[in-house]
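Each protein sequence line maps, in turn, to chains R and U. So the first sequence is numbered by my numbering: it starts at 1 and just counts up by one. So the second sequence is numbered by my numbering: it starts at 1 and just counts up by one.
Hints listed in this document are in silico derivations from the structure and should not be mistaken for laboratory results. Keep in mind that the hints are not guaranteed to be accurate.
Claimed, not checked - DMTMM-like cross-link-like pairs, simulated, lysine to aspartate or glutamate; straight-line CA separation at most 25 angstroms:
(1) R:Lys-2 with R:Glu-34
(2) R:Lys-2 with U:Glu-76
(3) R:Lys-2 with R:Glu-57
(4) R:Lys-2 with R:Glu-36
(5) R:Lys-2 with R:Asp-18
(6) R:Lys-2 with R:Asp-53
(7) R:Lys-2 with R:Asp-61
(8) R:Lys-2 with U:Asp-72
(9) R:Lys-2 with U:Asp-69
(10) R:Lys-2 with R:Glu-63
(11) R:Lys-2 with U:Glu-70
(12) R:Lys-2 with R:Glu-47
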Amino acid sequence: MKNALRDRRERESMSQADLAAAVGVTRQTINAIERERYDPSLELAFELAAYFDCRIEDLFDAELDGNSRQSSRNGA
Amino acid sequence: MTPTETAATERLARGRTYRRLMFGSVLAGVAAGFALRYLDYPLLGEGVYWLGIVGFLAVWRGTSTTLFDERDVALERRASQLTLLLFAVVLVVGASAARLLPLFGSGTVPPAVRGALYGYAALFAAFGVVYVWLRASA
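Make a model of the complete structure from these sequences and hints.
In structure tokens, the structure reads:
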């Protein structure tokens with residue numbers, strides 16, 4: 001999933017290890033999220049958003065395609 | 001770093017140390033057990049093997065530190081799925097081959113291979129039971 005985690009982290013002059021420690025995961029997990037190799041759980045996404053004091057949508061872009069958006073609207 | 005972040009860093013480092021202890025305990029137990037059996041001390045070897053297993057369990061259950069984060073769990077889940085898939089293919093092809101071999105007079109399946117195939121079948125039966133149980137309780 002596309003995300004602005006690296007931008008946000010670098011803006012705060014934090015290392016991956018610092019951010020990992022702040023939200024209670026390993027540095028490898030933060031690295032994997034930044035490289036779009038791992039999609040965090042909802043809980044971790046909220047944790048990251050809370051840490052940077054922003055909304056989840058400001059950090060993550062789900063890139064839903066047309067069908068997924070339609071399904072979401074229909075509650076499917 | 002803030003004091004909270006320092007504490008969190010220490011917690012992660014502690015988790016890493018405990019993980020190494022856990023897997024080190026099993027590895028040491030298995031290796032030492034193997035060596036002792038090889039040197040003709042089978043009972044002592046079995047004792048050391050169990051010591052390694054108990055060491056693993058003691059660290060795993062005895063600490064309040066989080067040993068694995070969510071990505072570790074996700075990786076473990078993915079690895080389990082891939083392993084099951086791999087063995088499903090082996091079972092499907094292997095079972096068919098085991099049935100066909102005698103028909104074509106190409107020999108019989110060794111008992112060890114037949115036993116392994118029954119073992120795989122039992123594994124998938126257990127998976128089915130656990131799946132149904134989880135679905136019912138979710």
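Are Lys-2 (chain R) and Glu-70 (chain U) close enough, with their CA atoms no more than 25 angstroms apart? Given pair Lys-2 (chain R), Glu-70 (chain U) holds - Cα atoms ~19 angstroms apart, limit 25 angstroms.
Agreement of Lys-2 (chain R) and Glu-47 (chain R) with the hint, judged by alpha carbon distance not exceeding 25 angstroms: Holds - the C-alpha atoms of Glu-47 (chain R) and Lys-2 (chain R) are around 17 angstroms apart, at most 25 angstroms.
Between Lys-2 (chain R) and Asp-72 (chain U), is the straight-line Cα distance small enough, at 25 angstroms or below? 21 angstroms, holds
Holds or violated: Lys-2 (chain R) to Asp-69 (chain U), with C-alpha atoms at most 25 angstroms apart: Given that 25 angstroms is the threshold and the Cα spacing comes to 21 angstroms, the pair holds.
Pair hint outcome, Lys-2 (chain R) versus Asp-61 (chain R) [Cα-Cα no greater than 25 angstroms]: Distance ~5 angstroms between Lys-2 (chain R) and Asp-61 (chain R) Cα, so the pair holds.
Check whether the Cα positions of Lys-2 (chain R) and Glu-76 (chain U) lie no farther apart than 25 angstroms. 23 angstroms, holds
Would the pair Lys-2 (chain R) and Glu-36 (chain R) pass a check requiring their Cα atoms to be no farther apart than 25 angstroms? Holds, because 6 angstroms separates the two Cα atoms, which is no more than 25 angstroms.
Lys-2 (chain R) and Glu-57 (chain R) were given as a pair; does the straight-line alpha-carbon distance stay at or below 25 angstroms? The hint holds at about 11 angstroms.
Can the restraint linking Lys-2 (chain R) and Glu-63 (chain R) be considered satisfied, given a maximum Cα separation of 25 angstroms? With a Cα-Cα distance of about 8 angstroms, the restraint between Lys-2 (chain R) and Glu-63 (chain R) holds, given a limit of 25 angstroms.
Compare the distance between the alpha carbons of Lys-2 (chain R) and Glu-34 (chain R) with 25 angstroms, and conclude whether the hinted pair is satisfied. 8 angstroms, holds
Agreement of Lys-2 (chain R) and Asp-18 (chain R) with the hint, judged by alpha carbon distance not exceeding 25 angstroms: 21 angstroms, holds
Would the hint linking Lys-2 (chain R) and Asp-53 (chain R) be met if the CA-CA limit is 25 angstroms? 19 angstroms, holds
Taken one by one, the earlier hints all hold for this structure without exception.
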